[in-house]
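Undergrad: Construct the complete structure from the given sequences, taking the supplied hints into account.
So in this note's numbering the end of the sequence shown lands on 108, straight run, no missing numbers.
For the record, the hints were derived by calculation from the structure and aren't laboratory data.
Each residue gets a CB set at the ideal place from its N, CA and C atoms; glycine is no exception.
One or more hints might be untrue.
Said to hold, decoys possible - Calculated pairs, BS3-like style, for lysine-lysine (alpha carbon to alpha carbon, straight line, at most 30 angstroms):
{"#": "1", "residue 1": "46", "residue 2": "96"}
{"#": "2", "residue 1": "106", "residue 2": "80"}
{"#": "3", "residue 1": "81", "residue 2": "106"}
{"#": "4", "residue 1": "80", "residue 2": "17"}
{"#": "5", "residue 1": "55", "residue 2": "106"}
{"#": "6", "residue 1": "46", "residue 2": "6"}
{"#": "7", "residue 1": "48", "residue 2": "106"}
{"#": "8", "residue 1": "81", "residue 2": "55"}
{"#": "9", "residue 1": "80", "residue 2": "24"}
What the hints assert, rightly or not - Ranges of calculated distance between the beta carbons of each label pair, as one might list FRET restraints:
{"#": "10", "residue 1": "24", "residue 2": "96", "range": "32 to 38 angstroms"}
{"#": "11", "residue 1": "63", "residue 2": "4", "range": "24 to 30 angstroms"}
{"#": "12", "residue 1": "66", "residue 2": "46", "range": "27 to 33 angstroms"}
{"#": "13", "residue 1": "54", "residue 2": "4", "range": "19 to 25 angstroms"}
{"#": "14", "residue 1": "94", "residue 2": "4", "range": "15 to 21 angstroms"}
{"#": "15", "residue 1": "5", "residue 2": "68", "range": "19 to 25 angstroms"}
{"#": "16", "residue 1": "19", "residue 2": "48", "range": "37 to 43 angstroms"}
{"#": "17", "residue 1": "70", "residue 2": "24", "range": "18 to 24 angstroms"}
{"#": "18", "residue 1": "43", "residue 2": "20", "range": "37 to 43 angstroms"}
{"#": "19", "residue 1": "54", "residue 2": "96", "range": "18 to 24 angstroms"}
{"#": "20", "residue 1": "35", "residue 2": "87", "range": "17 to 23 angstroms"}
{"#": "21", "residue 1": "29", "residue 2": "99", "range": "18 to 24 angstroms"}
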Amino acid sequence: MTETVKVTITQFKWAGKLGPFRIKTTCNECDLTTTILNGLMVNELKDKNVDLEIKPWLDNLFYCLLRGAWHAPIVMVNGKKFHQFSYRQPLFNKQKLLELVDSLGKEG
Numbered sequence: 001m002t003e004t005v006k007v008t009i010t011q012f013k014w015a016g017k018l019g020p021f022r023i024k025t026t027c028n029e030c031d032l033t034t035t036i037l038n039g040l041m042v043n044e045l046k047d048k049n050v051d052l053e054i055k056p057w058l059d060n061l062f063y064c065l066l067r068g069a070w071h072a073p074i075v076m077v078n079g080k081k082f083h084q085f086s087y088r089q090p091l092f093n094k095q096k097l098l099e100l101v102d103s104l105g106k107e108g
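TA: Next up, the structure:
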């Protein structure tokens, strides 16, 4: 039997607090990204060894910055930046994410 490697997808959304600063507004792009990721987990990734984590961006600001990501929503796979919001590319490529998860999930 072939074991698969656990893959962790982490979304950092526009939320959180850092010192005296607190995000009180919502982010439509973040909510849409969460909906898409949850849909992938229920459908395409349901039989895979994949975890989804949703974390507040501001609480994890320095973690994101050290990985080259600064604009929420941010999607990381196993701690590496996969996508961050930009006006040129507001949504991530679902097919590329599925391909990355498949390649990482196979035993090395």
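Undergrad: Checking against the hints above, which ones are violated?
TA: Violated hints: none; all satisfied.
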